[in-house]
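Based on the provided sequences and hints, a complete structural model is requested.
Residue numbers (the numbering used here), protein chains in the order written: chain P, 1 to 682; chain V, 1 to 318; chain E, 1 to 315.
Think of the hints as simulated: they come from the structure by calculation, not from any bench.
A portion of the hints provided could be inaccurate.
Under 7 Å between C-beta atoms, here's a sample of chain P residues computed to sit facing chain E [said to hold, decoys possible]: (1) 57; (2) 89; (3) 101.
From the three backbone atoms N, C-alpha and C, an ideal C-beta is built for every residue, glycine too.
The chain contents come next:
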Amino acid sequence: MSAALEVTNLTTEIQLSRSVVHAVGNVDIKIDAHQTVGLVGESGSGKSMFGLSVLGLLPNGGHIVDGSIKVDDRELVGLPDSQMRNIRGNTVAMIFQDSQSSLNPTKTIGEQVAEPVRLHRGASKKEATDRALEVLELVGLPQPKERLGNYPHQLSGGLRQRVMIAIALSCDPRVLIADEPTTALDVTIQAQILALLDDLRDRLGMATLLVTHDMGVVAGRTSRINVMYAGRIVETAPTDQLFRSMRHPYTQGLLGAIPRLESDPGRALVTIPGIPPDLTNLPPGCRFAARCAFATEKCVEQEPPLSGNDRDPHRFACWHPVDGPVKRLQEISAARSASVTKRSNGDPEHLLEIKDVFREYPVTAGVVLQRKVASVKAVSGVTLHVDAGETLGLVGESGCGKTTLGKLIVGIEKPDSGEITLGGQEVFKLRGRTLRKARRDLQMMFQDPYASLDPRMRVQSSLREPLVIQGIGSRKEQDERVRKLLGSVGLPVNALERYPHEFSGGQRQRIALARALVLEPKVIVADEPVSALDVSIRSQVLNLMKRLQIEHNMASVVISHDLAVVKYLSDRIGVMYLGRLVELGSGDDIYRRAAHPYTDALIKTIPVPDPEAERNKEDVGIRGELPSPIYPPSGCRFRTRCPRAQQKCADEVPELRLFGPGHQAACHFPLQTPMDGRAAGS
Amino acid sequence: MTDPLRPVIEGMAGPDGGPGVQIPIQETPDGGDVYVVSSGWRLALREFMDNRLAVVGLAVLVFFVVFCFLGPVVYHTNQSLFNPLTTDLPPGSGHPLGTDEHGFDELGRIMAGGQTALVIGFFASFIATVIGTLWGAIAGLAGGIVDGILMRIVDILLSIPYLLIVLVLATKYSATVFDESMIIGLFAWLVPARLVRGEVLTLRERDFVNAARVMGSSRTRLVLRHLIPNALSVVIVNVTFQIADAILILAYLGFLGFGLQYPAASWGDMLGNAQQYVSSGYWWLVYPVGACLVAVVLACNLVGDALRDALDVRLRRR
Amino acid sequence: MTGYIIRRLLVAVIVTIGIAVISFLMLHYLSPSPVYTVLGAKTTAAAAAAWNRSHGYDRPEIAQLLTYLGQLVRLHFGYSYKLDQSVSALFKENAGRSAYLTLAALLLSLLVAIPLGIAQAVKRNSLGDYTATAINFTLYSMPSFFLGLILIQFLALDLGIFPPTVSDAVTTTWQAFTHPLQLTLPIVTLAAINVASFSRYMRSSALDNLAQDYIRLARAKGLSERSVLFRHLLRNACLPMITLIGLSIPTLLAGNLLIEVLFNYPGLGLLFYNALGTQDYNILLAYTVLGGILTVVGNLIADVAITVADPRVRL
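Here is the structure:
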């Protein structure tokens with residue numbers, strides 16, 4: 001039986017004004033009906049270009065240079081556009097990452113879903129609308145009939161993605177290409193959408209290509225995975241085999257670089273040094289050689305072909321393949337664990353204290369005078385503390401208030417009520433010079449590496465600035481400190497003379513980290529430190545952060561939506577939902593003894609790069625979308641999605657209760673038994 | 001000496017069964033090499049130079065400045081004594097562009113007129129930019145009620161048609177270079193005010209400003225070191241467009257009968273009788289001047305457009 | 001949505017009052033009293049003072065301002081002593097002709113600019129795009145009367161197809177409409193300048209939209225390029241044009257003024273021009289206020305239109 005999609009030796013190039021981008025090189029992929037195949041790679045790997053090549057939607061200057069694409073034995077390469085149009089949206093369909101910008105903002109949902117039907121099947125308006133309704137029900141859109149007249153901005157992210165899937169399925173395609181379908185979604189929604197895709201594939205029998213950078217996403221949903229690097233497939237294998245016994249060093253590094261929930265925080269992550277190659281200027285040999293720990297001269301000179309032939313299930317392109325995952329990871333200094341245990345003696349003096357903090361943002365309307373019509377309840381009564389030398393992690397999905405809390409800690413925002421004290425003193429009630437001096441101890445590393453550095457200042461000036469503002473040291477001393485710091489974050493000295501736009505994202509983040517450290521603060525807040533970075537770069541920065549934590553022995557607050565990252569870096573973790581703290585505890589407490597249903601859901605829905613674990617996942621019963629933080633549910637804010645919710649949850653706000661030493665959760669019907677049933681102290 | 005956080009990979013089998021090899025071929029620093037793209041201003045300059053039209057525009061501007069200010073030094077003509085014998089001569093011997101109704105050589109007239117036009121153009125746009133930038137910056141920084149009031153005033157003034165109000169003022173004040181610069185610049189600051197305010201508002205929210213606040217930076221330092229340098233690009237682009245608009249307004253003023261005291265004249269004044277000249281067939285008194293005017297305005301627009309793109313690229317790159 | 005409209009109306013009223021106040025201040029400053037126009041330049045100080053007292057020109061400014069505002073509310077734009085007619089009557093007489101000229105030019109410029117801008121965006125960086133951009137830039141940099149003169153020179157004087165000025169026979173709007181040859185050059189000139197700026201804006205709006213993901217999705221559905229342009233791009237790219245038209249009203253009025261003067265077309269612009277010559281400040285400032293009101297109303301309509309056209313704003 002021939003495959004639904006068979007791509008052989010596909011090579012795509014994009015002609016720019018001065019150079020040629022070799023986006024895709026000699027790629028073979030085969031997908032049968034009822035099968036999902038994964039295509040994994042980082043940004044710049046060519047995976048998105050591959051999908052666009054199949055559909056013939058390459059950007060200006062792009063064209064297929066070589067190879068063949070066959071759908072049900074029909075050759076697509078070389079087809080005139082008029083015929084290709086019959087295939088797009090009809091036989092081969094595609095889902096894109098950003099549902100917000102992929103839907104026409106001025107057309108209704110109904111019109112957009114019906115459009116392919118009218119086009120390819122010649123349906124009348126009524127027939128097409130009926131079919132649209134049918135498909136919207138199929139993708140699980142609640143109240144589809146009412147939604148037909150809605151506009152995209154009226155739907156949440158998860159619902160919009162369902163609409164995109166509906167559009168793709170409206171004409172019963174044979175092949176479905178899903179390009180990062182869940183990357184922009186929250187974790188709990190992500191799980192729903194992935195389950196939906198699986199279900200649809202089983203029912204409708206499409207050959208599905210799942211394109212993503214997230215190894216966890218492909219682990220449980222695909223039967224075969226292709227790993228792409230710099231435009232080439234470097235390894236391809238059945239899913240289980242890939243994870244258990246990968247052969248290519250890149251795959252090995254990639255999987256070792258991802259922090260997982262069950263990772264031992266005492267062990268380093270595998271790092272892949274450097275950055276991916278420039279696709280306009282490719283090296284002659286193996287494209288991964290510059291970053292590979294096993295590279296030899298042969299690797300630099302000759303490009304390795306894919307091993308075996310197309311009947312081999314497991315193929316890789318490497319002269320010195322490895323044998324499975326990294327066996328032993330380096331242990332991080334034991335001094336760290338010692339300082340952690342010392343603290344559990346219950347030292348009453350907390351370094352940073354956050355007491356019952358509230359912050360709301362007014363939603364204004366009105367043209368002459370801005371009137372407040374509603375408010376976004378960003379942070380609603382959070383109490384936390386951080387001790388010297390420890391790392392507190394804050395985790396939660398969008399709208400949970402973690403970023404706002406971070407801003408409150410460093411004083412970018414002021415709380416509406418509640419206290420934030422450092423060393424017993426309310427820092428932001430100070431003024432003038434005392435305030436400035438106190439700010440030395442509270443520094444921040446911002447989320448967006450592109451926006452947090454002044455584009456008009458050289459790196460040297462940006463790094464010196466904190467010292468200049470605080471009036472510390474002579475010019476010579478400042479320069480010396482800056483130089484050392486730059487070295488400790490792994491950047492070459494010539495970086496000092498450069499401007500931010502000359503660096504990659506990962507490098508900019510290192511600079512931001514260096515800047516946050518320049519004043520040797522007591523507390524550093526890191527807001528999504530690695531979210532904007534590629535996977536292979538993330539572990540570099542995470543290892544760096546770990547090492548610097550030990551060296552400088554400072555307290556940190558790490559904020560992220562990624563629980564694995566938070567758990568890897570933190571001693572204690574706080575889980576937030578819609579402005580409230582729902583659970584607080586050590587990494588183990590959270591991972592092994594989660595008391596709150598939301599925490600449990602987070603842990604269970606995070607895609608784990610382990611195929612067997614993924615397959616054995618149970619359905620945690622989380623339904624529905626995230627409520628708006630402008631109108632949060634009464635009582636327990638999680639109750640609208642909680643499988644255990646009852647009337648009490650709507651009436652009473654749950655208090656934090658103690659479940660173990662340092663382990664608290666706020667739930668009326670928790671998953672663990674509380675200690676004494678007493679309300680938690682601090 | 002190995003980095004404690006770099007994994008020591010043991011027990012890896014090589015392809016021929018032997019122990020794995022670990023030979024670093026290239027020492028890349030942990031953070032990767034820094035690829036030099038280009039330093040900030042040079043990048044903008046290169047983008048600008050790439051835009052061939054912009055380079056032409058710049059060249060044209062330079063040419064006209066030289067032509068108008070240095071030309072008369074080289075090419076002497078009588079521009080003040082009325083000579084009834086040589087009025088309205090078409091281009092011919094001694095007068096490459098003919099003479100006007102006062103007997104003045106037209107080419108010389110264009111040079112002199114150009115001087116005045118350029119001076120008024122620069123002066124007016126200077127006034128407009130300074131007032132506008134300050135206004136907009138204060139509004140953007142202060143926020144709240146101050147911003148509201150300042151911007152309402154801008155809205156109200158912007159609703160009054162610019163040309164009309166300039167003309168009304170011109171009935172009383174148009175005789176001198178100073179007068180003309182003032183009335184043109186007096187209402188031209190509204191657009192830069194809006195632009196600067198918008199830019200300041202955007203910049204205020206940017207993370208690098210927040211970062212400076214977290215470091216303990218004073219408000220003054222924030223404005224001087226971070227906000228103004230980043231807002232400058234908008235201002236610079238706007239200046240070129242201001243000059244272009246000012247010269248156009250001069251043309252309108254001249255055409256509608258307002259202008260400098262005779263015998264001084266700007267290009268605008270020289271077009272004052274353009275309609276009669278055209279119907280009388282005195283084309284040399286209309287089209288050369290007009291062409292010069294269009295050329296200068298066009299050059300300013302091209303340069304401004306290219307500057308806007310070039311300065312944008314620098315921020316957008318990568 | 002009605003709440004939004006009401007609030008916008010409130011703003012419009014405030015702005016209009018502001019315009020009126022400023023206009024009054026200018027009027028008062030430039031010409032505190034028309035006494036010398038009425039009585040003659042050589043009249044005695046005593047006679048002048050008496051006239052001022054009897055006509056209320058010696059009252060404090062605030063009182064005069066309030067009277068002025070009160071009259072405006074009733075759409076009394078004052079009285080032209082030089083022409084011995086009420087300004088409102090003069091406006092009524094000329095408004096139709098000016099409106100015809102301006103609206104015809106606006107319509108023509110939109111009909112040309114929108115397709116041109118989109119075509120330029122689609123064929124970006126082609127020879128056609130560069131040529132169109134060059135022409136646009138040149139037109140944009142030209143004083144409108146200069147373009148008019150060039151057209152008059154070639155099409156009217158040299159080739160004789162159109163008349164160089166509008167003939168005196170055209171006195172009503174209807175006549176303007178039924179004598180298209182008379183009005184061609186004025187309308188085309190006025191439209192040409194607008195085309196330049198509109199199509200530049202349209203091109204950039206179309207380019208922005210073409211880069212958006214929803215265009216890519218539309219293509220991924222299998223739509224032909226034409227369908228993508230008409231059914232998806234057109235509406236979204238035109239949305240900013242609505243705001244632009246509102247903002248262009250002052251420019252349209254200025255253009256109208258210049259064209260009417262150049263072609264001797266009897267409209268509000270020509271009226272204003274004559275008043276400039278006679279220093280008839282009542283007409284001058286009244287027209288300025290009228291222009292301001294038109295701008296405010298125009299922006300209001302544009303804002304409302306956007307809320308109707310763009311669901312993101314509406315809901």
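Hints and how they fare:
no.: 1; hint: 57; verdict: 6 Å, holds
no.: 2; hint: 89; verdict: 4 Å, holds
no.: 3; hint: 101; verdict: 4 Å, holds
Hint violations for this structure: none, all hints satisfied.
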